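Line order of the protein sequences matches chains A and B. This note's numbering applies: residue 422 is where the first sequence begins, and numbers increase by one. This note's numbering applies: residue 1431 is where the second sequence begins, and numbers increase by one.
Worth flagging that the hints you see were computed from the coordinates, not collected in a lab. Careful, some of the hints might be misleading.
[Claimed, not checked] Heads up, simulated DSBU-like pairs for lysine-lysine below, C-alpha to C-alpha not over 35 Å straight-line:
#	chain 1	residue 1	chain 2	residue 2
1	A	Lys656	B	Lys1482
2	B	Lys1482	A	Lys632
3	A	Lys698	B	Lys1482
4	A	Lys735	A	Lys606
5	A	Lys656	B	Lys1486
6	A	Lys656	B	Lys1493
Source: prediction; values computed, not measured.
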Amino acid sequence: MNNSTFAQLFQGIYTLLTSDPLIAFTRIGLILLGMLLIYLGRKGVLEALLMIPMGLGMATINAATMIMPDGQQGNLFVDAMLTDTDQLLGMLQIDFLQPIYTFTFSNGLIACLVFMGIGCLLDIGYILRSPFVSMFLAFCAEAGTFLTVPIALLFGLTLKEAASIAMVGGADGPMVLFTSLSLAKDLFVPITVVAYLYLGLTYGGYPYLIKLMVPKRLRGKAIIRDAKTTTKVIKSSTKLWFAVILCVILCLLFPVAAPLFFSLFMGIVIRESGLTKIREFIEGPLLYGSTFFLGLLLGILCEAHLLLNPKVLKLLVLGIISLFLSGVGGIVGGYIMYFIKRGNFNPAIGIAGVSCVPSTAKVVQKEVAKVNPNAMVLPEALGANISGVITTAIITGLYITLIPLLS
Amino acid sequence: MNMIEGMLIIVGLAFVISMLVAAIIWLLSLFIANDNNQNEEQEHSSLYDRIKSELKQFESFQKLYRTYWDGKNAPTNELIAFFHEQ
């Protein structure tokens, strides 16, 4: 059996042996990383819904590299960098995930569908109870989104790229995807991959940040609520009209981010209008289906050639800086609220302003309950958490609209 | 406008819009019912509920009024009977 027969038969191994050592080692590394993601997802350390399809996609795409008819290395899954219409039409008939990538991922549709599902899960009654506190905490928990921009500029990124990677601090996957698609199309694959990888990590990393910044005495603090707040019953119609009015105002202010606003508030409106069957469809099959394909496509996009961009290492560092700063900003906001409310507030709630719904709110309640099992901070944490989604959407709108004018 | 000024404007706008959103939510919360205490403590219920409660009282009064004069079992007197016979 000569070399060319071997190359024809075992193209995955052949491309691994004959390619540049850097690419070969990256491919092996990504295969192992994919397996690790599946393991950590299965163990519950990372978000299983996203990490398991992503891990298998990552491992598979780096194993399944072959020689294409034009002599270049490629695969039969997806070609993310196609821009020519004729080539794209051809590829839609060859690469089996190309239709999903082209028609749902690269135009942001999948992000909007995920957002619609999140909207259906959101009970905005939590922010209606104490709107100023929730929105203030959410604003503070955007510290990473703002402060990472100058840091990224120091790292040598352009302003548009810096704003895109800084959005990781907003901890909202669809927003990061949307911003990078609008501002830094060349880097949107690595930025989105970095974002989703780190969003999975918040569940594991933020408890340590809470322990580091909030002493045990304050962490276990229960909030004393007045009777008026606890008995306040918020009607569905109030929530519905709140969503409608806010959606219209935000779309008037930021037409560029209107698809995201519309999707989020559409989910809320469906939840509150009693359309049970549609709600079940959106928060069930649609949300889970979109999350699955999002994870799968993110994994498939983790192909060695695509990720070996010299900027990826910088993006990895900046992504973690952004999430860290947002967490710190949130807790600082919690402390400010603690002093404003003269001690009747748990500063740990601030980190829930990082809008990874509902992970960060759950993390806060878990950490508080470890110290004081009777302390219930989940309503306040969810209020800040949901406000975080709105604040991130506002900042996305501002970045998409204003950053191109500054560049 | 340089980058630093631009970023400061973005941060400022983000804060102002966030607080504006909070104000809209607060305005809407004025119309939130306080159902648990509505009957016992009228002063704790919202403006909307107070208006609605008054309207409901007026509607029930109207219903009672119609029942009284038009209902088959409504108490009557000779003058009314005479009026209906015409």
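Right, here's what the structure says about each hint:
A threshold of 35 Å between alpha carbons decides the hint, and for A:Lys656 with B:Lys1482 the separation of about 14 Å falls inside it, so the pair holds. With a CA separation close to 49 Å, the supplied pair B:Lys1482 and A:Lys632 exceeds the 35 Å bound. Distance hint between A:Lys698 and B:Lys1482 is fulfilled; the C-alpha atoms sit about 31 Å from each other, no more than 35 Å. Distance hint between A:Lys735 and A:Lys606 is fulfilled; the C-alpha atoms sit about 17 Å from each other, no more than 35 Å.
For the proposed pair A:Lys656 and B:Lys1486, the alpha carbon gap of about 18 Å is at most 35 Å, so the pair holds. For the hint pairing A:Lys656 with B:Lys1493, the CA-to-CA distance comes to about 27 Å; that is within 35 Å, so the pair holds.
When the structure is compared with the earlier hints, a violation turns up for hint 2 alone.
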